[in-house]
Amino acid sequence: MNSLIKSILSTNAGAGIAVLRITTGLTFMAHGSQKLFGAFGGPGLQGMAGWLESLGVTPGYLMAALAGSAEFFGGLALVLGLLVRLASIPLIVAMLVAVFSVHLANGFFITNNGFEYAFTLIMISVALLISGAGPFSLDRKLSS
1 MNSLIKSILS
11 TNAGAGIAVL
21 RITTGLTFMA
31 HGSQKLFGAF
41 GGPGLQGMAG
51 WLESLGVTPG
61 YLMAALAGSA
71 EFFGGLALVL
81 GLLVRLASIP
91 LIVAMLVAVF
101 SVHLANGFFI
111 TNNGFEYAFT
121 LIMISVALLI
131 SGAGPFSLDR
141 KLSS
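If you read the sequence shown in full-length UniProt numbering, its first letter stands for residue 1, the second for the next number, and so on.
Simulated from the structure, these hints should not be mistaken for laboratory data. Don't take every hint at face value.
Taking CB as the label site, the calculated pair distances span [claimed, not checked]:
no. : residue 1 : residue 2 : range
1   : L55       : I5        : 32 to 42 angstroms
2   : F136      : F108      : 32 to 42 angstroms
3   : L96       : G41       : 21 to 31 angstroms
4   : K141      : S69       : 36 to 46 angstroms
5   : I110      : N2        : 18 to 28 angstroms
6   : A15       : G47       : 18 to 28 angstroms
7   : G56       : T27       : 22 to 32 angstroms
8   : A65       : I5        : 27 to 37 angstroms
9   : F109      : K141      : 35 to 45 angstroms
Note that the Cβ used here is the ideal one computed from N, Cα and C, for glycine as well.
Required output: the full structure, derived from the provided sequences and hints.
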């Protein structure tokens, strides 16, 4: 196996990171489902696109598709433990965009639509980027 691929897949993290990875992945998948499919009371692509356009994030439809796809498919990668380090990158980017385009002006706390929640997801994604998928992951299986 190529050494670059092996280093991307390798992980020595413990079981705790697997719990964090799976629950965070499911959370990202749920939010991505809201954006892409209108699931769980979400706006779907058209609604999300319109909302993003109203914030000045353009082109709204493309940005909604990118954000929803990053969250849904990145979350799926976390749940499966497949290419977790690579999947963490678009998740970090999507949450940084959310922080700077929506939440930062509202302060830290989520009760005021602040950046607390997005910041927490960023930090979990950074931890996964550093540590890898941990046990019970396809990355571990593929790298051994």
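Verification of the supplied hints:
Between L55 and I5 the beta carbon distance is about 38 angstroms. The supplied range of 32 to 42 angstroms therefore holds. Under the hint 32 to 42 angstroms, the C-beta atoms of F136 and F108, about 33 angstroms apart, fit the expected range. Separated by about 25 angstroms at the C-beta atoms, L96 and G41 satisfy the suggested range of 21 to 31 angstroms. The hinted range of 36 to 46 angstroms is not satisfied by K141 and S69, whose Cβ atoms lie roughly 25 angstroms apart.
The beta-carbon spacing between I110 and N2, approximately 42 angstroms, falls outside the hinted interval of 18 to 28 angstroms. Distance hint check for A15 and G47: the Cβ-Cβ separation is about 39 angstroms, which falls outside the suggested range of 18 to 28 angstroms. For G56 and T27, the Cβ-Cβ distance of about 27 angstroms falls inside the hinted range of 22 to 32 angstroms, so the restraint holds. The hinted window of 27 to 37 angstroms between A65 and I5 holds, with their beta carbons roughly 28 angstroms apart.
Between F109 and K141 the C-beta distance comes to about 40 angstroms, which sits within the given range of 35 to 45 angstroms.
Hints 4, 5 and 6 from the earlier list are contradicted by this structure; the remaining hints agree with it.
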